[in-house]
Amino acid sequence: MWQDFQQVSISVARLGDILNSPIEHSKNSLTLSNLQGKITFDKVNFRYSPNGKWNIDNISLNIRPGEIIGIVGESGSGKSTITKLLQRFYTPETGNITIDDLDLSLVDPIWLRQNVGVVQQENVLLNRTIKENVSLTKPSASLEQIILACKQAGAHDFIMQLSEGYNTQLGENGVGLSGGQRQRIAIARILLNNPKILILDEATSALDYESEKIIMNNMPLICQNKTVIIIAHRLSTVRIANRIIVMDKGRVIEEGTHDNLMAIENGAYRKMIECVR
Numbered sequence: 001m002w003q004d005f006q007q008v009s010i011s012v013a014r015l016g017d018i019l020n021s022p023i024e025h026s027k028n029s030l031t032l033s034n035l036q037g038k039i040t041f042d043k044v045n046f047r048y049s050p051n052g053k054w055n056i057d058n059i060s061l062n063i064r065p066g067e068i069i070g071i072v073g074e075s076g077s078g079k080s081t082i083t084k085l086l087q088r089f090y091t092p093e094t095g096n097i098t099i100d101d102l103d104l105s106l107v108d109p110i111w112l113r114q115n116v117g118v119v120q121q122e123n124v125l126l127n128r129t130i131k132e133n134v135s136l137t138k139p140s141a142s143l144e145q146i147i148l149a150c151k152q153a154g155a156h157d158f159i160m161q162l163s164e165g166y167n168t169q170l171g172e173n174g175v176g177l178s179g180g181q182r183q184r185i186a187i188a189r190i191l192l193n194n195p196k197i198l199i200l201d202e203a204t205s206a207l208d209y210e211s212e213k214i215i216m217n218n219m220p221l222i223c224q225n226k227t228v229i230i231i232a233h234r235l236s237t238v239r240i241a242n243r244i245i246v247m248d249k250g251r252v253i254e255e256g257t258h259d260n261l262m263a264i265e266n267g268a269y270r271k272m273i274e275c276v277r
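All residue numbers in the sequence shown are consecutive under UniProt numbering, ending with 277.
A few of these clues could be false.
Straight-line alpha carbon distances no greater than 30 angstroms define the calculated DSS-like cross-link-like pairs of lysine-lysine that follow [claimed, not checked]:
no.	residue 1	residue 2
1	84	43
2	43	196
3	213	131
4	138	196
5	249	43
6	249	271
7	84	138
8	196	38
9	226	213
10	151	131
11	138	213
12	84	131
13	226	138
14	38	53
15	213	196
16	196	151
17	138	151
18	226	38
19	43	53
Note that these hints are calculated values from the structure, not bench results.
All chains should be modelled from the sequences, with the hints used to inform the complete structure.
Listed below in structure tokens is the structure:
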């Protein structure tokens, strides 16, 4: 009982911190009327602690519109930090990040996050119908738009097998669905808003083989007309990438296609692949 009370106290205190935190002002911030999805990191340095080690160490990246990029590396190598910087959750200490050649620091953060879709390893589903869960990113969406997003995510077929279809009521956090089914609904939710930039941050790492296979088979539809960044421990998910970036201790140590990187004798990526065989 005392432990429960302490946990509630911590949660309430944290909620207070969130409610009292300053609003990100977007006055005079810019938006792009026709976002293409070009992303550039120019000699970016970042660390979470002012006197700590660099979490991102002098990174330069050029990602073309519509390109699929895989980012791999050990835990703590800086993979997810790159995506947090891209969403303006943090600001680089030095260097520049641009989106369609516009300095990211000038971009309206609310607009930015509406145009950068993120699917994580764990995604929250509400105690609502499937239709309501998918439409969270676009409440005005028609049923036809919701169905299209679910087809792209590979979720439509299993939804139609449920007793109430899209009106099926989900339990808290998707109780009653498999991990793969929950993840496909989460992907459909993001696709419904049609973001020009899509981040898959360990999106399949907790799934079983069959669930991962279904999602990977739908990747051409998921990635269509989008710039996609795939963060992965499970290396099978990045083989579809046009380019794979290997990170270590905040730095890019290798870059190329799967075949290019496998051809590097004693290369870091090749060693990762050989370790999981």
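For each hint, the structure was consulted:
1. 84 with 43: holds (16 angstroms)
2. 43 with 196: holds (24 angstroms)
3. 213 with 131: holds (24 angstroms)
4. 138 with 196: Roughly 15 angstroms separates the two Cα atoms, so the pair holds.
5. 249 with 43: holds (15 angstroms)
6. 249 with 271: Measuring from Cα to Cα gives roughly 17 angstroms; hence the hint holds.
7. 84 with 138: holds (23 angstroms)
8. 196 with 38: holds (10 angstroms)
9. 226 with 213: holds (21 angstroms)
10. 151 with 131: holds (13 angstroms)
11. 138 with 213: Holds: residue 138 and residue 213 sit about 28 angstroms apart, inside 30 angstroms.
12. 84 with 131: Holds: residue 84 and residue 131 sit about 29 angstroms apart, inside 30 angstroms.
13. 226 with 138: holds (18 angstroms)
14. 38 with 53: It holds: about 29 angstroms lies between the C-alpha atoms, which stays within 30 angstroms.
15. 213 with 196: holds (24 angstroms)
16. 196 with 151: holds (18 angstroms)
17. 138 with 151: Since the Cα atoms of residue 138 and residue 151 sit roughly 17 angstroms apart, the hinted pair holds (cutoff 30 angstroms).
18. 226 with 38: holds (10 angstroms)
19. 43 with 53: Satisfied, since the Cα-Cα distance of roughly 16 angstroms is no more than 30 angstroms.
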